[in-house]
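*Asks:* With the hints as extra help, turn the sequences into a complete structure.
In order, the protein sequences belong to chains Y and H. All residue numbers for the first sequence refer to the numbering used here, where the first residue is 1 and numbers rise by one. All residue numbers for the second sequence refer to the numbering used here, where the first residue is 1 and numbers rise by one.
The reader is advised that the hints may include incorrect statements.
One copy or two, either will do: identical chains are not told apart, so a pair holds if it fits within one copy or between any two.
[To be verified] The calculated lysine to aspartate or glutamate pairs, modelled on EDC-like cross-linking and capped at a C-alpha distance of 20 Å, are:
{"#": "1", "residue 1": "K35", "residue 2": "D46"}
{"#": "2", "residue 1": "K154", "residue 2": "D46"}
{"#": "3", "residue 1": "K251", "residue 2": "E203"}
{"#": "4", "residue 1": "K28", "residue 2": "E321"}
{"#": "5", "residue 1": "K7", "residue 2": "D280"}
{"#": "6", "residue 1": "K214", "residue 2": "D117"}
{"#": "7", "residue 1": "K189", "residue 2": "E206"}
{"#": "8", "residue 1": "K164", "residue 2": "E321"}
{"#": "9", "residue 1": "K189", "residue 2": "D66"}
Honestly, the hints are just simulated from the structure, not real lab data.
Number of protein chains: 2
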Amino acid sequence: MIMDDKKRTEISQLGEFGLIDKLTADFKNGNAHTKLGVGDDAAVIDAGRGLLLLSTDLLLEGIDFDLTYFPLKHLGFKAVVVAISDILAMNGTPEQLTLSIGVSAKFGVEDLQQLYDGVRVACEEYGVDLVGGDTSASVTGLTLSMTAVGRVEKRRVAYRSGAKLNDLICITGDLGAAYMGLHLLEREKRAFEGHANPQPKFEGYEYLLRRQLKPVARLDIIEALRAADIVPTSMIDLSDGLASDLLQICKSSKCGARIYLNRLPISRETYALAEELHADPVVAALNGGADYELLFTVPLAMQEQVMALGGIDVIGHITAESTGAMLVTPDGSDIALTAPGFK
Amino acid sequence: MIMDDKKRTEISQLGEFGLIDKLTADFKNGNAHTKLGVGDDAAVIDAGRGLLLLSTDLLLEGIDFDLTYFPLKHLGFKAVVVAISDILAMNGTPEQLTLSIGVSAKFGVEDLQQLYDGVRVACEEYGVDLVGGDTSASVTGLTLSMTAVGRVEKRRVAYRSGAKLNDLICITGDLGAAYMGLHLLEREKRAFEGHANPQPKFEGYEYLLRRQLKPVARLDIIEALRAADIVPTSMIDLSDGLASDLLQICKSSKCGARIYLNRLPISRETYALAEELHADPVVAALNGGADYELLFTVPLAMQEQVMALGGIDVIGHITAESTGAMLVTPDGSDIALTAPGFK
Chain Y
1 MIMDDKKRTE
11 ISQLGEFGLI
21 DKLTADFKNG
31 NAHTKLGVGD
41 DAAVIDAGRG
51 LLLLSTDLLL
61 EGIDFDLTYF
71 PLKHLGFKAV
81 VVAISDILAM
91 NGTPEQLTLS
101 IGVSAKFGVE
111 DLQQLYDGVR
121 VACEEYGVDL
131 VGGDTSASVT
141 GLTLSMTAVG
151 RVEKRRVAYR
161 SGAKLNDLIC
171 ITGDLGAAYM
181 GLHLLEREKR
191 AFEGHANPQP
201 KFEGYEYLLR
211 RQLKPVARLD
221 IIEALRAADI
231 VPTSMIDLSD
241 GLASDLLQIC
251 KSSKCGARIY
261 LNRLPISRET
271 YALAEELHAD
281 PVVAALNGGA
291 DYELLFTVPL
301 AMQEQVMALG
311 GIDVIGHITA
321 ESTGAMLVTP
331 DGSDIALTAP
341 GFK
Chain H
1 MIMDDKKRTE
11 ISQLGEFGLI
21 DKLTADFKNG
31 NAHTKLGVGD
41 DAAVIDAGRG
51 LLLLSTDLLL
61 EGIDFDLTYF
71 PLKHLGFKAV
81 VVAISDILAM
91 NGTPEQLTLS
101 IGVSAKFGVE
111 DLQQLYDGVR
121 VACEEYGVDL
131 VGGDTSASVT
141 GLTLSMTAVG
151 RVEKRRVAYR
161 SGAKLNDLIC
171 ITGDLGAAYM
181 GLHLLEREKR
191 AFEGHANPQP
201 KFEGYEYLLR
211 RQLKPVARLD
221 IIEALRAADI
231 VPTSMIDLSD
241 GLASDLLQIC
251 KSSKCGARIY
261 LNRLPISRET
271 YALAEELHAD
281 PVVAALNGGA
291 DYELLFTVPL
301 AMQEQVMALG
311 GIDVIGHITA
321 ESTGAMLVTP
331 DGSDIALTAP
341 GFK
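*Replies:* Written out as structure tokens, the structure reads:
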């Protein structure tokens, strides 16, 4: 029936976000407990004294991961990080997780055990309970679908929509390393294709591999913010890349932004590999994605308190919507931020 | 890395349930709000005055549906039914839903719009809010992953584990029709393969097609049970087939069961097509699955109250664990119920 349609719009014409907007435009939320549906990192459900957070992610073999170089145990760990990162991005504490898997005949029980070992290690590390899932045969590759549930006090929830004029734009960790790690793995895969006993060269770039193969969910930051009683005015996790994710904040908060190129946190290893590959480390930082760091805004008056937490950089500030989202280069020129479309 | 392992156990050796048991054996739940994890229709989370229910399902093209004859709008509707049926099976009211999709290049926006139209119609029919999802490209077929959230009063939750000796085994609707509908669609697909303009013959079997292509979630039964203040001692939805699902109740409740062949509700159309195809309608009823009816137990004293609701059949009763789960034929002989393994 797919070919019967007279009109056909390519998904790439809309982009991922445009597609979701279009597909969900006619849906109306009617349950009293539903506080927020599609459009933020997680859905928000009233749960008596607090708010319940719900978020779901899909990881598909051949698109989101390549088992040639991605060990199954690491994949299991990463699946948990990807899922709970959205709960953290609402300033919440992840508590439960469901994992559904579609598996083809090439996988044995021992393979899946490795995958679940990684899931278990991550669940233990982040204090999350695996509470359900579905298992299906698959005619093709491995499919992972995760749903994370978390909680947050009503007064502490951080939406994408709360950024205010002059708020500081803060970022945790560093950017672009996961993306450079992926490039390194892809390069070594190509170099050793067909070799029976590949000996890939990763010396000096272990940090980049770790960022790609074992990303960290920033539960520590959420706990530090809570301990310091700091509530971000807006927050998002860096899964699509700084440019795309900051544009989401601007769109939801109806504001602009100015971020400064020389304040972007980029690791030494990211610079080094970018140089070796003749790539631009700033592009990796802006568009690389999969860092799973947090991007958030706080009122200007909180600068000292936030900096005192450590591991957080202020990279710019919120401006009026009319000025757009700009990257300011060291020579003082403005470059409008743009985001790649559907991946 | 998949081939490196010395030991390899085929998934089919464990079966789906055995696989899940094995993979999740070492997971420990630590959150105070987690009341029940893996092992029932839905996870149970404390939500202040009530309980929150969480359930997830995966539908994969080529395994769970065939787009040759499954219209996308119907698939969207069915995805919602599959997801919320697990919430109903805990005696809960479904409230929220997330839907993630993996889509390959063969799908245009209009195709996905059809899918979401079906999702929307079902969400409206059952009063469920679509609150999130993830969209990914796919190198192969269509992947759907749904997570449903619902609520239930603490005193009304129905686990699989609560069936007691002499409880009545009740069933809603009829069994095996969805399975016979699938057989009919597969037969017509084979008959018309390669035809430019197929004219499949479905006359007289519209009911079977509807049961396969547009299944019903029994929210009406849950509401009727609540109105009559009847709380089932145990409940499960009929997704895998009566035999498999009743065995789940027996396993969780540590009990046996006796059900009577001549009390199984089987539709006239199911009998008719089974005869035409030289198939056994009882096998369709026991092992067909995908009926999305409810199987539940109530104390013997409630028989009159339950029968007064209408549309419910009592097919047998709960026995001691040592007697096993038996199907009693009209001539009085017992046949032990068995369930097919991993699908």
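*Asks:* Evaluate each hint against the coordinates.
*Replies:* Now the hints, each set against the structure:
1. When the C-alpha separation of K35 and D46 is checked against a cutoff of 20 Å, the pair qualifies both within a copy, at 6 Å, and between copies, at 18 Å.
2. In this homomeric assembly, K154 and D46 come within 20 Å of each other (Cα to Cα) both inside a single copy, at 9 Å, and across copies, at 17 Å.
3. Neither within a single protomer nor between protomers do K251 and E203 lie at most 20 Å apart by alpha-carbon distance, with minima of 41 Å and 53 Å respectively.
4. Taking identical chains as interchangeable, the C-alpha atoms of K28 and E321 are never at most 20 Å apart, the minima being 28 Å within one chain and 48 Å between chains.
5. For a Cα distance limit of 20 Å, the shortest separation of K7 from D280 qualifies neither inside one copy, at 40 Å, nor across copies, at 45 Å.
6. Taking CA atoms no more than 20 Å apart as the test, K214 paired with D117 passes inside one copy only; the shortest distance there is 14 Å, against 38 Å between copies.
7. Taking the shortest Cα distances, K189 and E206 sit within 20 Å of each other inside one copy (16 Å), while across copies they are farther apart (53 Å).
8. Taking CA atoms no more than 20 Å apart as the test, K164 paired with E321 passes inside one copy only; the shortest distance there is 10 Å, against 64 Å between copies.
9. Proximity of K189 and D66 under a CA criterion of 20 Å is satisfied intra-copy only: 10 Å inside one chain copy versus 35 Å between copies.
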